[in-house]
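*Asks:* What follows is each chain in one-letter form.
Number of protein chains: 2
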Amino acid sequence: MPLDVADLVDRARNGQPRAVARLISLVEDAHPALREVAAALTPHTGHARVIGLTGPPGVGKSTSTSVLVSALRAEGKRVGVLAIDPSSPFSGGALLGDRIRMTEHASDSGVFIRSMATRGHLGGLSWATPQAVRVLDAAGFDVVLIETVGVGQSEVDVVRLADTTVVLLAPGLGDGVQAAKAGVLEIADVFVVNKADREGVDTVVRDLKQLIAFARREIRGESWRQPVVRTVAARGEGVPELVKALSGHHDWLVAHGELARRRADRAASEVAAIALRELRARLTDPHRGGHLPSVAKKVADQALDPYAAADELLAALRDEA
Amino acid sequence: MPLDVADLVDRARNGQPRAVARLISLVEDAHPALREVAAALTPHTGHARVIGLTGPPGVGKSTSTSVLVSALRAEGKRVGVLAIDPSSPFSGGALLGDRIRMTEHASDSGVFIRSMATRGHLGGLSWATPQAVRVLDAAGFDVVLIETVGVGQSEVDVVRLADTTVVLLAPGLGDGVQAAKAGVLEIADVFVVNKADREGVDTVVRDLKQLIAFARREIRGESWRQPVVRTVAARGEGVPELVKALSGHHDWLVAHGELARRRADRAASEVAAIALRELRARLTDPHRGGHLPSVAKKVADQALDPYAAADELLAALRDEA
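Heads up: the sequence lines are chains A and B, in that order.
According to our numbering, the first sequence is numbered sequentially starting from 1.
According to our numbering, the second sequence is numbered sequentially starting from 1.
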């Protein structure tokens, strides 16, 4: 049976979770119908607030996501969750355990949860995730949460595609703030210090605030002050404050024209990933005239250096265009 | 002072570690002289055996690398080590501790150790690592060890560029073999079960051998039987057996024409990464006529879907070629 894209998109927009799931599967499979799907979805996008959550292992990301979903549901919002799954072939069972906590939302039709398993995918997470966000946005979800489960740079890069990025820290996770500082300050719009009932929380919060104050002096023209919210996600403590901080950042984005800029950045990332995947296919697929295998053999035989080989490849691409 | 590439390459080939380090820095910085460097290096490559080591955190990769370096040195071989560093912004101090163990080789001029810190690099590890291997190969190292410290898929992909890939496991690391099986069987040429003095080692080895036997039935025409070597790297136990297994695999690669195929694959990966980085720059850099920002804005404004935008981008690339 041929795929009826218009019908599938209609059903997704009418809130049928199976249609939404099918559309995201098409993204994960890089299905040929994706062009048609994207064209059908695009007019219905631009409504959803996209929130990314990231942080080191053990910080309570899944629990935080789950209680955040509950809080947003209490406000009547429909919430889609994309859990960016571990990208390592060595990941273990604990992460699956985390997933199970989310089952409390399984019976709620206003919540859609999907793990993105894009390991080995050409173009990977940067290719699939923004297109999956587009599906959820068009399907009428008010908020899309992108949560990393893995800890690689690529997962973090994907979370950064959000309108608002939440970085979670917690007391007692190794070097804490110091270890994390290289990466997190430029990523975070909102900091959460979870497990705030644990010893050492005051130190983490103080260090973090010092770091924020110090970095502010470095960034000119930046008027958003990253808030630090204390939570005990497992007991729901601090969650109203987190929701308020998220709204505050959204309002700031709108007021400063930054929302449009971030969404243009996300669109740029999406378009570039699609274009580069196509170019990679043209370069490497011998069935499409890709010359990579033949020039690579010359490089391996030391008859050509890799830059000269890349030049040959690009020239061939141009000649065939 | 302009960079004297010929002199730098000469000094690297004469065993000067500072020249080798400088060449790898040029790779990490994507220095414009890299074309010239690659052309000067290529005639001197093809000698080094490239061995990748990967495995889950806590398995003892750094210790294993260090004792393997000692064993290869005892055979009179010069050894270069590329430690692929954590790609997560949330990585902590324990990994730095691991690095320090390698300092026992610091005074040995037959050993060169370099951490590859390519976070945020356009094209990332797949761009820099094969070029760094090329540097070490041309500089006359007999063996190049690529060790992952991070656990992301991209680090693992890089290790797979080796002639021989070693996957380390150990008893007591969560779900062990079962958790790892999805990824490791297709990666590994040689398995090491490290910490073999720990309880549970027999179970890990048995499970692993069952998995290998089972997978063998699935792969036709594959006559290499992945060995399972027990080691206690911290005490040097099992290291002679590991060295023997590595030599065995190398001999098998040569005998079956597989070494040439793997090296052509590595060259293909290197060339593709160079070409795609160039294409990415042409697409995205407005100073080079990249139209990405303007088409991305149309996508964000729902005036264009992302696939149509990618088509526009690719058409513009063709017109300007």
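Among the hints, a few may not be true.
Because identical chains share one entry, a pair is satisfied inside a single copy or across any pair of copies.
Keeping only pairs whose Cα atoms sit at most 30 Å apart, straight-line, the calculated DSSO-like set for lysine-lysine is [to be verified]:
hint	residue 1	residue 2
1	Lys209	Lys297
2	Lys77	Lys244
3	Lys209	Lys244
4	Lys298	Lys209
5	Lys297	Lys77
6	Lys298	Lys77
To be clear, the hints were calculated from the coordinates, so they are not data collected in a lab.
Please read all numbers here as calculations on a predicted model, not as lab measurements.
*Asks:* Please go over all the hints and tell whether each is borne out by the structure.
*Replies:* Checked hints:
1. Lys209 x Lys297: neither (54 Å within a copy, 35 Å between copies)
2. Lys77 x Lys244: within (14 Å within a copy, 62 Å between copies)
3. Lys209 x Lys244: within (19 Å within a copy, 54 Å between copies)
4. Lys298 x Lys209: Cα proximity of Lys298 and Lys209: none, with 55 Å in one copy and 38 Å across.
5. Lys297 x Lys77: Result: close only across copies, 27 Å inter versus 56 Å intra.
6. Lys298 x Lys77: This pair counts as between: shortest inter-copy Cα distance 28 Å, intra-copy 58 Å.
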